[in-house]
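S.K.: Knowing the structure of chain A, use the given hints to seat chain B on it.
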Amino acid sequence: MTTLTDPPSESFRLSMLIYDTRYRAITFQIIALICFLLFFGWLISNTAQNLADLGKEPSFGFLMEPAGYDINQRLIDYNNQDSHLRAAFVGLLNTLLVAVLGCITATVIGVIVGVLRLSSNWLVARLMAVYVEMFRNVPVLMWIVLCMAILIESLPNPRAFRGENPEASMLLFDSVAITNRGVYIPEPLFSRSLGDIPVGNLFNISLDLIAILIVLAIGFYVSHRIKLKADATQEATGVRPKTWYMRLGVILVPLAALLVILGFHLGYPELSGFNFAGGTHLRNSLIALWLALSLYTAAFIAENVRAGILAISKGQTEAASALGLRPSITMRLVILPQALRVIIPPLISQYLNLTKNSSLAIAVGYMDITGTLMGITLNQTGRELETVLLGMLIYLAISLAISGAMNFYNSRVKLVER
Amino acid sequence: MSDTHAETVSYVRETMLPQQEPPASTVGPVGWAKTNLFSGWFNTVLSVLSGIFILWLAYRLLPWIISPTWQATSLNECREIIGALNKPHGGACWGVISERWKQLMFGFYPPEHYWRPVLSLILLLVALGPLLFRHLVPAKVIYFSMLYPFIAAWLLWGGTIWNPIVAILGFVIIALSLKFLTSVLNPALALIIGVLLAVIWWVALAGPVAGGLSAVLPIGIEAIASRQFGGFMLSITIGVTAILCSLPIGILLALGRQSDLLLVKAMCVGFIEFIRGVPLITLLFVASVLLNIFLPPGTNFDIILRVIIMVTLFASAYMAEVVRGGLAALPKGQYEGADSLGLDYWQSQRLIIMPQALKISIPGIVSTFIGVFKDTTLVSIISMFDPIGLSNAIRADTAWNGVYWELFIFIGLVFFIFCFSMSRYSMYLERRLQTGHR
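First to last, the sequence lines map onto chains A and B. At position 39 of the first sequence (counting the first as 1) the number is 39 in the numbering used here, and the numbers step up by one without a gap. To convert a position in the second sequence, counted from 1, into the numbering used here, add 1000.
Simulated from the structure, these hints should not be mistaken for laboratory data. There's no promise every hint is true.
Derived list of chain B stretches under chain A, where covered just means 3 residues or more per stretch with a C-beta under 8 Å from a C-beta of chain A [said to hold, decoys possible]: (1) 1098 to 1110; (2) 1239 to 1245; (3) 1287 to 1294; (4) 1405 to 1413.
Quick caveat, the model's predicted, so the values are computed rather than measured. Idealized CB from N, CA, C, for every residue including glycine.
Okay, chain A solo, but in the shape it has when bound:
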């Protein structure tokens, strides 16, 4: 039985592709897809045509040719006879190095500044506001170039460390030398080293480092177990046993024992000739980039931290005060854990920004992936298409990895809503 409300059954007409909302979506999407494919086809055919005109065949074979240039700041062995691929890998490690260092220091500075900016102390709050506004409103490239200029212009030459009455002296019991050619810090050495194991043909991993990491991991795990046990005791009896010396001991004692077994000692930098020898040499380019990126990103992180703390309702602070907690404990135990949930997402994007901004290393000559693969390798081989696309893909992979890891963390700490 048909009723009046039944839609009149009608056959499909061509005009319904445009006028009927049921079909219009599909029509539009198909048109969009065709346009998209046409556009890409157009780009690819242009590229093929242009490359053929230039007599270039797109291939990644150049990556295996000897690079022929030196990289002064590097984490793994490299010389100028190694391939472009290895040079790019050295650059990638350098990018990751400065990104990790920068993220750590930026977070520390940013959290301190963000908390201090909300301080009841008028002078400190203003000072931090000036810092934040100053760094946020001036381009990061200028800060990088400026830091480099400060390091080169205002630090003493290694020559100044010479003689009976040197103009400059080393810091921390003659272990750290800050010069205008970079910073020399002591390097860890092992007289009874376990040796290295090669990973593929790419680089060596020190067995000493692995051993230390394993011992540390075990130590932290045992320490965590002790904490759990103390928690259980407190739940059962109401009295918390003193465990801090045990928890510290299970981490430190095995570590110290291992270091003694391995014959751990520090190699100090020493003046020899016109420069320092020995120790680890952090070049100016690395320090300048690290410093500028940390200070710049810290200003943004400080704002995120401030916003996160302000997002916590005042009632929380008042309730904590009513319980008799001091302001510092209130901040640590009540405000920050809640604020972290607000802070983490923008913090992720600040880490991403820092990693991407590290590509400005090219301005101070720090050899990161932009400087090696998209800089010298591009100029030497003339492979614009391959190098730039490869570089973009690498950055994309790093970005996606960071945001993936951080989103995972974010979902872990997310507030479980009722």
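M.R.: The following block gives chain B in isolation, referenced to the frame of chain A:
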């Protein structure tokens, strides 16, 4: 009862005591300092430390900044002047600013044509008037704002006046076809036909027509090549264009990302995530070395235009995420309310959703603008002469070899003024558009 009371109490006050002054230590400068600077030992330590820091900074910096070297024409001359003053910590060499500030502003633009960028900057302020301060500026000015891009491009690059006029005619074609074809056709179809006609006009006809007209009536100003652009003029040109273009593109991308159309959504997500995942500098490499490979053989268009395209794409992706945040923050009831009024998709977006979503995302939009403007300095890496690139060029001159601080302070200060005023404007706008009751 009252009798006993009268006997035991000898005196009853009948009037209120006048209010006493608060204790001297809680009012006035002393009280202020006590609550704001010296409450507790920790705050006291912090205050003292920051006080010492500020004094030390002032002691070192002020004598350096106040340095009578504005007339010096080289670094050596500066050092002689400062040496004669016998200052302990030396002094700044402001001569480089007084001699080169015009270069920092205009790059290698011919000095006799400086009026053109200046005029276009002033006109920019006029054109932005109706957008930024709607209640202060007459509404008719918006027509001038629409014409402004063509006027500015003509003023900056020069050449015959027929080029911008012919370019405007393309938009006139779109407007006319919309006006006359909508009565016959679906508006979307009318728009597509209009755009197609305009593209045909721009690609095939505009060039010869402009050439012919300028041969008949040669009106124009001297053409200036892109490589002569530089300094803050270049930053502002790239920055303003990218900012103005990225907002509409970003809104479209955000809508695409929110849309139900699966393919459209996938394309928008892919584009946004790709652009946001790579550093701007790689996109600038694409602009400088790859864009010519992607385009038909023989195309070789202006480097500034290529950079503007890439910076715009970059900014759009970030803008899209900001606008998406605004869209997500809107209560679902607003969408349903718009639907229940019978508005179609574009009407509800235009009248209900976007005004609110954009208002929510003003802080994010403005901070993206500031970011784009700051990021224009990256063009110095692909050897264009933005202020930072110019500062290197100035140092390459033997007279000024070794001047760092003065140039950096000047450049930083100008950037600070631009960016800081943008962020203040966004706060003003937020307050003005505040309609909530909180």
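S.K.: Determine for every hint whether it applies to the structure shown.
M.R.: Comparing the hints with the structure gives:
A stretch counts as covered by a chain when three or more of its residues have a beta carbon under 8 Å from one of that chain; for the stretch 1098 to 1110 of chain B and chain A the count is 0, and the coverage is violated. Restraint check on the stretch 1239 to 1245 of chain B versus chain A: 0 residues with Cβ-Cβ distances below 8 Å, three needed, restraint violated. Taking a C-beta to C-beta cut-off of 8 Å, the stretch 1287 to 1294 of chain B contributes 5 residues in contact with chain A, enough for the three needed, and the coverage statement holds. Given as covered by chain A, the stretch 1405 to 1413 of chain B passes the check, having 4 residues with a CB less than 8 Å from a CB of that chain where 3 are the minimum.
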